[in-house]
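Enquirer: Chain by chain, the residues:
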Amino acid sequence: GAVVSQHPSWVICKSGTSVKIECRSLDFQATTMFWYRQFPKQSLMLMATSNEGSKATYEQGVEKDKFLINHASLTLSTLTVTSAHPEDSSFYICSARGLAGGRDEQFFGPGTRLTVL
Amino acid sequence: AQTVTQSQPEMSVQEAETVTLSCTYDTSESDYYLFWYKQPPSRQMILVIRQEAYKQQNATENRFSVNFQKAAKSFSLKISDSQLGDAAMYFCAYRSAGNAGNMLTFGGGTRLMVKP
Chain A
1 GAVVSQHPSW VICKSGTSVK IECRSLDFQA TTMFWYRQFP KQSLMLMATS NEGSKATYEQ
61 GVEKDKFLIN HASLTLSTLT VTSAHPEDSS FYICSARGLA GGRDEQFFGP GTRLTVL
Chain B
1 AQTVTQSQPE MSVQEAETVT LSCTYDTSES DYYLFWYKQP PSRQMILVIR QEAYKQQNAT
61 ENRFSVNFQK AAKSFSLKIS DSQLGDAAMY FCAYRSAGNA GNMLTFGGGT RLMVKP
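Protein sequences appear in the order of chains A and B.
Using the working numbering, you'd call the opening residue of the first sequence number 1 and step up by one each time.
Using the working numbering, you'd call the opening residue of the second sequence number 1 and step up by one each time.
Simulated from the structure, these hints should not be mistaken for laboratory data.
Backbone N, C-alpha and C fix where the C-beta goes; we use that ideal spot for every residue, glycine too.
Hints are not guaranteed to be accurate.
With beta-carbon atoms standing in for the labels, derived distance ranges [what the hints assert, rightly or not]:
| no. | chain 1 | residue 1 | chain 2 | residue 2 | range |
| --- | --- | --- | --- | --- | --- |
| 1 | B | Tyr54 | A | Leu117 | 45 to 55 Å |
| 2 | B | Tyr54 | A | Pro86 | 41 to 51 Å |
| 3 | A | Ala72 | B | Gly98 | 25 to 35 Å |
| 4 | A | Gly16 | B | Thr5 | 10 to 20 Å |
| 5 | A | Thr115 | B | Glu52 | 36 to 46 Å |
| 6 | B | Lys73 | A | Ser5 | 33 to 43 Å |
All chains, full assembly: derive it from the sequences and hints.
Expert: Structure, rendered in structure tokens:
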């Protein structure tokens, strides 16, 4: 089956630093990648959608200068949380959409837990 | 814009019994996809079942089946012979058909507890 990896799985950083999260589709090419944020006991909230080689489309209320998304290739997207603050602490999930196993599906990474001290 | 509503924040089922999770959605589109995802404590999202709106036949995957009522915009998930490993958050999701950029719209989730 299709696999999406995320790295790191968890990260703790000091307030004011930047953190980069990588998302890779391991055995298929992702036409589109999505970044979600999930607070405890809540649903997934879409932050942005990105296509390879083009600028990401951010959802309303998501600061594009704070959450930088780079979709460098059909298998790699990165989310950089710039100048992180405690309120950015959350669970971040990436998802990659593409053809895998003959089906057009959206596959999810295992998530990254960010804690900002 | 499409919305997805899961009216049951928590559900409980006895092991080996059957449970049904509810989901309703609102859309003006005629062609779309509906999904149920499972999120266990590991937080990894797992696709449970998928339904194409143009298909009248309800999707089935082993112990999991759906009751898709297009006119009522209802998409419930039935889990038969519940197992302890079924305990998780379950999310109903909607996606428009067509463009690659179309994203999933999730419901608020239902936490399923399975009692031994």
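Enquirer: Work down the list of hints and note, for each, if the structure agrees.
Expert: Evaluated hints:
1. Evaluation of the 45 to 55 Å hint for Tyr54(B) and Leu117(A) yields a pass: the beta carbon distance comes to about 50 Å.
2. Between Tyr54(B) and Pro86(A), the C-beta spacing of about 47 Å keeps the proposed range 41 to 51 Å intact.
3. For Ala72(A) and Gly98(B), the Cβ-Cβ distance of about 26 Å falls inside the hinted range of 25 to 35 Å, so the restraint holds.
4. Taking 10 to 20 Å as the suggested C-beta distance range, the pair Gly16(A) and Thr5(B) does not conform, at roughly 39 Å.
5. A hinted range of 36 to 46 Å for the beta carbons of Thr115(A) and Glu52(B) is consistent with their spacing of about 40 Å.
6. Between Lys73(B) and Ser5(A) the Cβ separation comes to about 36 Å, which falls inside the hinted range of 33 to 43 Å.
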